[in-house]
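A.B. asks: One letter stands for each residue in the lines below.
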Amino acid sequence: EPEVTQTPSHQVTQMGQEVILRCVPISNHLYFYWYRQILGQKVEFLVSFYNNEISEKSEIFDDQFSVERPDGSNFTLKIRSTKLEDSAMYFCASRRLGGETQYFGPGTRLLVL
Amino acid sequence: KNEVEQSPQNLTAQEGEFITINCSYSVGISALHWLQQHPGGGIVSLFMLSSGKKKHGRLIATINIQEKHSSLHITASHPRDSAVYICAVPNYGGSQGNLIFGKGTKLSVKP
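From first to last, the protein sequence lines stand for chains A and B.
Under the working numbering, the first sequence has 39 at position 39, and the numbering climbs by one with no breaks.
Under the working numbering, the second sequence has 1088 at position 88, and the numbering climbs by one with no breaks.
Since the hints were made in silico from the structure, they are not lab data.
Be careful, since some hints might not be right.
To be verified - Calculated cross-link-like contacts (lysine-lysine; reagent style DSS-like; alpha-carbon spacing at most 25 angstroms): (1) B/Lys1068 x B/Lys1054; (2) A/Lys57 x A/Lys42; (3) B/Lys1054 x B/Lys1103; (4) B/Lys1103 x B/Lys1001; (5) B/Lys1068 x B/Lys1001; (6) B/Lys1110 x B/Lys1068; (7) B/Lys1055 x B/Lys1001; (8) A/Lys83 x A/Lys57; (9) A/Lys78 x A/Lys57; (10) B/Lys1055 x B/Lys1106; (11) A/Lys57 x B/Lys1001; (12) A/Lys42 x B/Lys1106; (13) A/Lys42 x B/Lys1001; (14) A/Lys57 x B/Lys1053; (15) B/Lys1103 x A/Lys42; (16) B/Lys1068 x B/Lys1103; (17) B/Lys1106 x B/Lys1068; (18) A/Lys83 x B/Lys1103; (19) B/Lys1068 x B/Lys1055; (20) B/Lys1053 x B/Lys1068; (21) A/Lys42 x B/Lys1068.
Claimed, not checked - Selected chain A positions facing chain B (in silico; Cβ < 8 angstroms): (22) Lys42; (23) Val43; (24) Phe45; (25) Glu56; (26) Ser87; (27) Met89; (28) Phe91; (29) Gly98; (30) Thr101; (31) Gln102; (32) Phe104; (33) Pro106.
Each residue gets a CB set at the ideal place from its N, CA and C atoms; glycine is no exception.
Please model the complete structure; the sequences and the hints are all you need to start from.
C.D. replies: Written as structure tokens, this is what we have:
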């Protein structure tokens, strides 16, 4: 069964460094999402992406964040200058046109030191 | 902006028991999601429903749009059902992606 994949599974970085989290959505899906979950807290929406542009973003998704679909398969989340509070699990999800279900990736656990 | 409340926060059950988890939200919505988060952190979408009831195996989800309330039921619970169950709704009612998540209900089923 097709699935969403994310790399890396874990990343440790120093405060102020840039990180790129990668996602490969399911191949015929057209809607893409990033969510994050700080340890012990709720899952939070970051951004949705459709037709090569951001369709919605939350207050969390400030200028430090950007998303890109650099080719036909990858969907990336870049954090320009990481802060300690960016430490969280980041989930990518995708959905097909007309579909109801979002399919989640396994997540990338980011630790900022 | 929508707000989501789930209850209970924690639930311990004996294998075979019938489980009910509740979710209430504040703003009228087009559809509601039930998700399962495994102990390792992975998230699986269980249901998306906009009215009535849906059933998948031992899981049943119901929604009452007028009362802004949904329930997730698990029949004949099993230790492998132990997970966090999360309800999520569109932030502004109609959106598919901008979801507001509940805090989750941590279910532990003992053998």
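A.B. asks: Checking each numbered hint in turn, tell me which of them this model violates, lowest number first.
C.D. replies: Result: hints 6, 7, 14, 26, 29 break, sorted rising.
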